[in-house]
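Chemist: Here is what each chain is made of, one letter per residue.
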Amino acid sequence: MAAADSPSAALRRRDLCSRGIRLAGKMRADVIDLLDAYVEQQGLDASASVAAVEGVPLAAVERWDEQTGTQRLLENLAAYRAFRALLAQMLEEQREQLGEADAGLGRALAAVLLQVSAFAYHLEELLRLESRGIPGEEEEEDGPPPPPRLSLFEQKLRGLGVLRELAQWALRSVRDLRQLAKPSPATGVAPGLVESP
Amino acid sequence: ESHIQYERVGADVTMKCGSMDWDAAVTWTANGTDINESRLNGSYLILKNVDLSQSGQYSCYEGSSWHLKYQTYLRVGTPPTEPVLMCRSNNYPKGFYCSWHLPTPTYIPNSFNISVIHGTKDMVCEKDAIPKNRCHIRYLQLFSTVKYKVTLTVTNALGKNFTTLTFDEFAIVKPDPPESVMAKPVPNNPRRLEVSWQNPSSWPDPESFPLKFFLRYRPLILDQWQHVELSDGTSHTITDAYAGKEYIIQVAAKDNDIGTWSDWSVAVHATPWTEEPKHLTTEAQITETTSASTSSFMAPPTTKICDKGAVVGSGAMAVCWTAGLVMAAYSVLFI
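Chains G and W, in that order, are what the protein sequence lines are.
What the first sequence shows, in full-length UniProt numbering, is residues 1 to 197, in sequence order.
What the second sequence shows, in full-length UniProt numbering, is residues 1 to 335, in sequence order.
Mixed in with the good hints there might be a few duds.
Counterexamples of contact, computed for chain W against chain G with all Cβ distances above 10 Å [said to hold, decoys possible]:
id : residue
1  : Arg-88
2  : Pro-93
3  : Phe-143
4  : Lys-147
5  : Asn-161
6  : Pro-187
7  : Pro-200
8  : Pro-210
9  : Glu-246
Only pairs whose alpha carbons sit at most 30 Å apart, straight line, appear in this in silico DSSO-like list of lysine-lysine [claimed, not checked]:
id : chain 1 : residue 1 : chain 2 : residue 2
10 : W       : Lys-149   : G       : Lys-182
11 : W       : Lys-149   : W       : Lys-127
12 : W       : Lys-94    : W       : Lys-48
13 : W       : Lys-160   : W       : Lys-147
14 : W       : Lys-245   : W       : Lys-184
15 : G       : Lys-26    : W       : Lys-147
16 : W       : Lys-184   : W       : Lys-127
17 : W       : Lys-94    : W       : Lys-16
18 : W       : Lys-94    : G       : Lys-26
19 : W       : Lys-132   : W       : Lys-174
20 : W       : Lys-245   : W       : Lys-212
21 : W       : Lys-16    : W       : Lys-48
22 : W       : Lys-254   : G       : Lys-26
23 : W       : Lys-184   : W       : Lys-121
24 : G       : Lys-182   : W       : Lys-212
25 : W       : Lys-254   : W       : Lys-132
26 : W       : Lys-212   : W       : Lys-184
27 : G       : Lys-182   : W       : Lys-16
28 : W       : Lys-149   : W       : Lys-94
29 : W       : Lys-132   : W       : Lys-149
30 : G       : Lys-26    : W       : Lys-212
31 : W       : Lys-147   : W       : Lys-121
32 : W       : Lys-245   : W       : Lys-94
33 : W       : Lys-184   : W       : Lys-174
34 : W       : Lys-160   : G       : Lys-182
35 : W       : Lys-174   : W       : Lys-212
36 : G       : Lys-26    : W       : Lys-174
Honestly, the hints are just simulated from the structure, not real lab data.
Built from N, CA and C at the ideal position, the CB exists for glycine as well.
Only chain G is shown next, with the shape it has when bound in the complex (with noise of 0.2 Å):
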């Protein structure tokens, strides 16, 4: 735990912090940017509302303020790492459905999965910093069978909800790093990373 303690890792973790909420903005400023082109030219209805769908992390948090900086890093690592997944099937669903008749929805969701894996890479940095282990990524050769294949109008409405969940979790990423940017009033390190072993 010194070494999460010393100044210099306090000063790695408030720059790691800060390039990881402009990553957050960036993406979240992305992402809705998609989204209206993704409802536009899936013929969807933006107010359309989406039931949960299975494998899509939820942004939404009880007790939000409450979390540990370890939390925080880890439930936003794992929904990250969930989108990366999720994007890419949206991915190769498109390739499948249009071919390159939507190139440019295709090259849009491309970026965005890019911007996915850099933050959560960045994530993954961060966790390092606090000398935390990263947790393994789930096999996907071990992972559960493939969910049923959706009809056409399921898969545009799951990246429906894809995507609005993605934002409200770059929105949530931003303010889980602000809190972690903190610095705590005692020690100076912010609250809630360093624990007791």
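Please build the complex by placing chain W on the supplied structure of chain G, with the hints as guidance.
Modeler: Below, chain W alone, put in the same frame as chain G:
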């Protein structure tokens, strides 16, 4: 036995004198004043097309004995129109409040019932003591994509009405205006004004949920506002003010990421720094006061000043001179 009777504006009202027969001899009064018999049908009182002025206490007395047989308080009013409902979070992420009113009065008592649903979950909106037409809810979850649905039902004796609002958690976030806005001139800078303000005290955690600000300013003599958006900090220096003109300045706030802009703050007025007018004194007064060290004005070394029309003190003559190095050595006192 006394009753309260509610009737719609424009209705025809028939009042019976309690258990008295139709053909009984009775006298009706309205607020203590006898009612003309032309309004009676037997012992029934007939009021046609009632209006608001006919609200009051109606009493029926038996013929010659003047025993009170029936009394009712007639209240003429209207059923409620659709209420106006507004929900807002000025203290995100703690919670939000909803407030309501009726656009047109009913003139009779109304009761309001509000329900808040988040997804499938009923939430309790705690009524505020003051004002009465407001309640607040604590957010149990943050960052939810599930919408809130608020339904307000207003009921009175003549009918009911309702309205519903559906919104996202972040769409209703609107801070209160910035507080303690101050503006002051910058010494020796005729085109600058320093503006400062504070976060609204109702915003609970500006560190985690920072606000950004929008400042607008204009000279009083013009209608066109200048605008500046500021992503951080609670102060700003205006550098393009018109010299000598009084300005009006306001600030608004918004969460950095979500919601809408606050209302404008209370307006403050300020005028940029201006050079003080040259003191007009006789040569004798200049000689007399050269030893004084207090100075309220130091002219720039090369400024040529000619205050033809300026007068200092009473009866002083206008003096015109070139301010040079000699000028810089003298302090001039106002007498």
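Chemist: Please go over all the hints and tell whether each is borne out by the structure.
Modeler: Results of checking the hints against the structure:
{"no.": "1", "hint": "Arg-88", "verdict": "holds (19 Å)"}
{"no.": "2", "hint": "Pro-93", "verdict": "violated (7 Å)"}
{"no.": "3", "hint": "Phe-143", "verdict": "violated (4 Å)"}
{"no.": "4", "hint": "Lys-147", "verdict": "violated (7 Å)"}
{"no.": "5", "hint": "Asn-161", "verdict": "holds (25 Å)"}
{"no.": "6", "hint": "Pro-187", "verdict": "holds (36 Å)"}
{"no.": "7", "hint": "Pro-200", "verdict": "holds (19 Å)"}
{"no.": "8", "hint": "Pro-210", "verdict": "violated (8 Å)"}
{"no.": "9", "hint": "Glu-246", "verdict": "holds (39 Å)"}
{"no.": "10", "hint": "W:Lys-149 with G:Lys-182", "verdict": "violated (34 Å)"}
{"no.": "11", "hint": "W:Lys-149 with W:Lys-127", "verdict": "holds (17 Å)"}
{"no.": "12", "hint": "W:Lys-94 with W:Lys-48", "verdict": "violated (54 Å)"}
{"no.": "13", "hint": "W:Lys-160 with W:Lys-147", "verdict": "holds (26 Å)"}
{"no.": "14", "hint": "W:Lys-245 with W:Lys-184", "verdict": "holds (13 Å)"}
{"no.": "15", "hint": "G:Lys-26 with W:Lys-147", "verdict": "holds (25 Å)"}
{"no.": "16", "hint": "W:Lys-184 with W:Lys-127", "verdict": "violated (42 Å)"}
{"no.": "17", "hint": "W:Lys-94 with W:Lys-16", "verdict": "violated (56 Å)"}
{"no.": "18", "hint": "W:Lys-94 with G:Lys-26", "verdict": "holds (26 Å)"}
{"no.": "19", "hint": "W:Lys-132 with W:Lys-174", "verdict": "holds (21 Å)"}
{"no.": "20", "hint": "W:Lys-245 with W:Lys-212", "verdict": "holds (28 Å)"}
{"no.": "21", "hint": "W:Lys-16 with W:Lys-48", "verdict": "holds (15 Å)"}
{"no.": "22", "hint": "W:Lys-254 with G:Lys-26", "verdict": "holds (19 Å)"}
{"no.": "23", "hint": "W:Lys-184 with W:Lys-121", "verdict": "violated (51 Å)"}
{"no.": "24", "hint": "G:Lys-182 with W:Lys-212", "verdict": "holds (19 Å)"}
{"no.": "25", "hint": "W:Lys-254 with W:Lys-132", "verdict": "holds (27 Å)"}
{"no.": "26", "hint": "W:Lys-212 with W:Lys-184", "verdict": "holds (22 Å)"}
{"no.": "27", "hint": "G:Lys-182 with W:Lys-16", "verdict": "violated (75 Å)"}
{"no.": "28", "hint": "W:Lys-149 with W:Lys-94", "verdict": "holds (18 Å)"}
{"no.": "29", "hint": "W:Lys-132 with W:Lys-149", "verdict": "holds (21 Å)"}
{"no.": "30", "hint": "G:Lys-26 with W:Lys-212", "verdict": "holds (17 Å)"}
{"no.": "31", "hint": "W:Lys-147 with W:Lys-121", "verdict": "holds (11 Å)"}
{"no.": "32", "hint": "W:Lys-245 with W:Lys-94", "verdict": "violated (43 Å)"}
{"no.": "33", "hint": "W:Lys-184 with W:Lys-174", "verdict": "holds (28 Å)"}
{"no.": "34", "hint": "W:Lys-160 with G:Lys-182", "verdict": "violated (51 Å)"}
{"no.": "35", "hint": "W:Lys-174 with W:Lys-212", "verdict": "holds (12 Å)"}
{"no.": "36", "hint": "G:Lys-26 with W:Lys-174", "verdict": "holds (23 Å)"}
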